[in-house]
Amino acid sequence: MSEHSLEAIVDADLVTQWISQIGSEPSAAVPLLQAIQNKYGYLPRKAMDLIIANSAINGSQLYGVATFYAQFRLKPVGRHMIKVCHGTACHVQGADRINTSLRHILGMKDENEDTASNASYTVENVACIGCCSLAPVMLVDGEAFPKLKGADAQRHLKKHARDHNEILPGHQEDDKETASGASS
Amino acid sequence: MNNGQMIITIGEGTCGIAAGAKEVAKLLEQRFPNATFKTVGCLGMCHREVMVEIQNEDGKTFLYGNVDKKNLPKIVHFHRGEGSPPEKLLIRSSDAPDTDSGRYLTGQTRIALRNVGQLNPTSMEQFQARGGYQAIEKILRSGITPEQVIEEVKASGLRGRGGAGFPTAVKWGFARNAPGEIKYLVCNGDEGDPGAFMDRSLLEGDPHSVLEGMLIAAYAIGASRGYAYIRAEYPLAVEYFGLAIQQARQAGYLGERILGTDFSFDLKIKEGAGAFVCGEETALLASIEGQRGMPRIRPPFPAIKGVFGKPTIINNVETLSNIPWIINNGGQTYANIGTHDSKGTKVFALAGAIARGGLVEVPMGTTIRHVLEVIGGGSASGRPLKAVQLGGPSGGCIPEHLFDTPIEYHAINATGAIMGSGGMVVTDSKSCMVDLARYFLEFTQLESCGKCTFCRIGTLRMKEILTKICAGEAVLADIDTLEELASQIGPASLCGLGQTAPNPVLTTLKYFRHEYLAHVTEKRCPGGICKGLITHTIQNETCTGCSLCKRQCPVEAISGTIKKPDTWVIDQKVCINCGMCVEVCNPDAILVV
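Note that the protein sequences, when read in sequence, are chains A and B. First residue of the first sequence: 6, per this note's numbering; consecutive thereafter. First residue of the second sequence: 14, per this note's numbering; consecutive thereafter.
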């Protein structure tokens, strides 16, 4: 898979519109980056260039800010975003296992990889999302799934993939057997 | 209050929605089309979400927890006049108000959380019906001076609830006396401590109280502009607080010449972008200015020179939500609650290995044991509780034998932990304190802004050593190095992040040194957590041969023939000890040693 296939096509008018709405002064850097990322899921190079060219924010400040805050990413994302909470409560209750099981079913073998090879899902670890009593938790496209075991995470993801016509690269079709095994 | 109509109230905070509140609400609307439906913020009983309160036509009320679409018919059945209320779901009712699970709520003293879960956070009318905006009205209409407001807060003894515990009135006094035409008030809602969600619940459950607190604070220090800095990870809080600002502006509580007086104040929301260090005042200010969130040397303190160089006061969400109550009820009334050292109440986010987790507000001086056992209902698993982690990555672990420590600044500090912002994560015997310390160091190392060398490099070295210990690759001298680093990073760091980063290590070394030693000398993890020191084996006598474990195993380490328990084995050379098999094994046949 080439990263190129995931690159977003940036609408230049939209970016200049954000600059006029949000502001062009240095203090607007964070909200501008948030607007871009909300739209494209990451910070495409072209959008960054447009901000630098059309505002009082220079490249050093913009990239400095973009690389400082955990929210921002410069790499493209898959069509759907999974966020696995790694707050304290989730950590002590096995958030790691959610990652293991999701990466397994998404066929992600390389540790540095965070997006499935067919660009369907990106798995990101996030700091506490504040639902600690429902730990461990993951968010799929913003929808929260509480009190997960590794197998639950896979089950929810399989359903999500079915509903959105996505293929899970690491998923082998042996569900029926599993179901009968579980009841025995 | 009740005119023969059924009233159904559903908690729709982030926790409730995550647990499926919207679906439950929809189903109830179908079943009871004539009932009145109310939406409220999080009641704080997060362990019982989804929560529904039903008031019958006869005025009797029933509070249910753990409601989902499967058990909903039982509730519907009862409220159609058949049978008795489903006992497992019922938390309390007007017939039986004092139940064990109801003690979660009755054991609390709610001041900061007075409205959370009691009103619809998007309704300003409901807020006003509960006495909202009366404090600011009282101040502005009866000409109470800013100095008098500061005096009242001083009498309350309120200390900043964000973690540092600095007296609020003293801070306000600095900014009041600072020269300058334009001053700023900032609400710090960048609740970054993993395991803490007090501010989230307040902002999304009772946004107007925080806003009224901001108005009073702004009046006291003479600020005309403000910011509410809220984590972007809290979308509902951002939405509801934004709505509260609009409503208050329309009602004339924000803007120019508020209520016809000379006092003007307005504010904007700034969404945080995921940097723990921005909880530190000067880093937060840099972030508002659009810069990397890096702290700077103080003095000058923000009260003298803050955002855009103007005098600025930064108050935490919980601190601010206490303010209107203090003005309405008097500082002395607040000071009557708590201890000599610590006044009022404190909100905690109780989570982890506890039976009843959620938001808990207790008077200062309450013991940790009371919170864990009476309110929290003790251990969730039945295993004995081991420790409680207070104050997140900046705080420390308090072991079980110190659970009788009263919750007050002085006594908590004496244990080596800190009060912190209110995160309270409980662990039981199946936990590893070295792994927990490693988790926090990994967190602080990632979040270190990089300005101070000791914090930037020192936390990395500490994390490396802790990782080695957890992997069973450390020697005794590593523990000495760890202690040496821990003692140096604090004093050599500029801000709270670095100053407190070693706390989780220092406290676990103090109280759980034997666990460190077991990892180093015996190559054993007593809690059965550290992957490098445990093995998973199938006990064939309990195995049923169902093959569920094989299907879950991400590395194909498990093999055997279906329904032949004797044939099942885990290949130790392949196994990564992830624990997925243990989670799915119904007969509990996998042994972790």
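Hint data in this document are derived by calculation from the structure and do not stem from the laboratory. Every residue gets a Cβ at the ideal spot worked out from N, C-alpha and C, and that includes glycine. Some hints could be false.
To be verified - Some chain A residues well away from chain B (every beta-carbon gap over 10 Å; in silico):
1) 22
2) 49
3) 70
4) 108
5) 170
Unchecked claim - Part of the chain B face toward chain A, derived, beta carbon under 10 Å:
6) 370
7) 422
8) 570
Hints, verified against the model:
1. 22: Check passes; 19 Å lies beyond 10 Å.
2. 49: holds, 17 Å
3. 70: violated, 6 Å
4. 108: violated, 7 Å
5. 170: holds, 23 Å
6. 370: holds, 4 Å
7. 422: Hint violated; residue 422 of chain B Cβ to chain A Cβ min 22 Å, cut 10 Å.
8. 570: violated, 12 Å
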